[in-house]
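Line by line, the protein sequences are chains C and A. Number 5 in the working numbering belongs to position 5 of the first sequence; there are no gaps in the numbering. In the working numbering, each residue carries its 1-based index in the second sequence increased by 1000.
Watch out, some of these pointers could steer you wrong.
[Claimed, not checked] Straight line, CA to CA, 30 Å or less: simulated DSS-like cross-link-like pairs of lysine-lysine:
hint	chain 1	residue 1	chain 2	residue 2
1	A	1349	C	60
2	C	13	A	1432
3	C	54	A	1415
4	C	13	A	1193
5	A	1150	A	1193
6	A	1394	C	119
7	C	13	A	1400
8	C	13	A	1225
9	A	1415	C	60
10	A	1415	C	13
11	A	1349	A	1321
12	C	128	C	108
13	A	1349	A	1164
14	A	1415	A	1065
15	C	13	A	1393
[As the list claims (entries may be wrong)] Some chain C residues flagged as far from chain A (calculated, every beta-carbon gap over 12 Å):
hint	residue
16	10
17	46
18	85
Hint data in this document are derived by calculation from the structure and do not stem from the laboratory. Think of the CB as a built atom: it goes at the ideal place given N, C-alpha and C, for glycine as much as any other residue.
Given next are the chains, with one letter for each unit.
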Amino acid sequence: MFTEQISIFLENKTGRIAEVTSILAEADINIRALSLADTSDFGVLRLIVNNNEKAGEVLKSQGFTVNKTRVVAVEVEDKPGGLHNILDVINKAGLNIEYMYAFVQHSKSNAVMIFRFDKVDDAVIVLKENGMAVIDGDKVSRM
Amino acid sequence: MIFDIEYETMPREALESIQLRRLRTTLERVNTTVPFYQEKFKAAGILPGDVNSLEDLQKIPFTTKQDLRDNYPFGMFAVPMDNVVRIHASSGTTGQPTVVGYTARDINTWSILMARSLVAGGASRDDIIHNAYGYGLFTGGLGVHYGAEKLGASIIPVSGGNTKRQIIIMKDFGPTILTATPSYTLYLAEVAKEMGVSFEDLKFKFGIFGAEPWSENMRKEIENKLNLVAVDIYGLSEVMGPGVAIECHEAQNGLHVFEDHFLAEIINPDTGEVLPYGETGELVFTSLTKEAFPVIRYRTRDITSLNPEPCICGRTHIRMKRVSGRSDDMLIIRGVNVFPSQIESVLMKIDEVEPHYQLVVDRKDNLDTLTVNVEVGENLFSDEVRQLQDMEKKIAKDIKEYLGVSAIVKLVEPKTIARSEGKAIRVIDNRKI
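Modelling step: build the complete structure from the supplied sequences, incorporating the hints.
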């Protein structure tokens, strides 16, 4: 039910993201979704790729600090209020979203959002009980 | 002017005979009252009675800062606590500062030596002294204070900080002597300028600056900006505090060591061999009159040389050159002593942090800044920025708490800290002093 995300620590220096993408390209890894959070000194690049194991390996071998985190991918109806329906469910259940970002590709005619919860297990249960379309991790990396 | 003309201008022969007499008395006393020295002398196979000349002192083993730490807090005191009237502690050490004590007579001696220093630096009893050294466990503030009172000058115990108020006091009270650290002095100059106050309109004649390394260039800058004559003062709490040595304003060329109270030697820091006058090495002090906290051949780690040439001021006491560096890796940041190993032990108390760090010291707008770069390993890393920022804050808070110095903490990528021959370069000191 969960999707695995890899995150990479980056200093705020010119060309650092390009370095990551070049390493991934060389390893024939496809980026599915990404989000970058930054401060004045450093940033955290979060990626969903088609091969987490390999991506982690090649990045670590190039000296990057890499972590894996479980996130949840949810289909969002591509119409007004689509995202709100999901957030409403999360809110009513008292769950906390650490961060969220949108997927690059669509699933059929729907958008896909990635959520990072502090209580990821509870979140999946709540979302499913409320009929939300949680996408399986395997499927996400194949999308 | 000379405060204590008899002692300060004593012929060297007479001075040396006083030194030997006082040295023997001190050695006898620590041998009976301080177990640390008793054991050390015994292990070296030497008795105080074996010291028949000043050269014989070379047979006695050195004392190090680590020895003082090992005997924390009062293990090195040579008198019972009921004779101790004051306790000071050295700045910035992890959990275990160096603690020093003073008897009433020690305080009196210190006051006299500080009065001598103030006079050598141009002060007289007619002066008003603006004392911006910090008051507290640090010896700077109270050391100058007691010396000024002994001299009979008027002291303003303004201490450090609250800089704008300091400038107002300077304008309104008209102090004629400034005592402060050189870096704070330059900061004062800047704040005064911002407030539209010109030092040309103030009444300062002399400034006595120390407690941190500075250079001839800084002296020129201070003299120009503050419109006064600047002299260098030296001291360390382990030996007494400020007033161990002072530059005379007449020559401004080397600091007279008050040799009737302290015996100075220069050694090769690697071999411990005593070096002749003029050669550069590590400064070593032996107390000659201290009661509560005498030190025997204490290695200061300060690098300098000694000059026995007569001085135009008339003082016969030997002159030490401005301290040019350290024989260890100690940094002095805004007057606080910081060893990289102390930062390391603070970092190591945090589980997530690995021992990959680097200290970058800079001087911006005349104030020292310390940046601690910490490499982000897998244990520390989080996909949440907030957690990383919290970690930066925690490290900075711990450093402030344990070492008393403010640091900017920066998380950096792994393996980005320069390593030379596999060994990380721990300290980059960019200060041009």
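Structure versus earlier hints, numbers of those that do not hold, lowest first: 4, 5, 8, 11, 13, 14, 16 and 17
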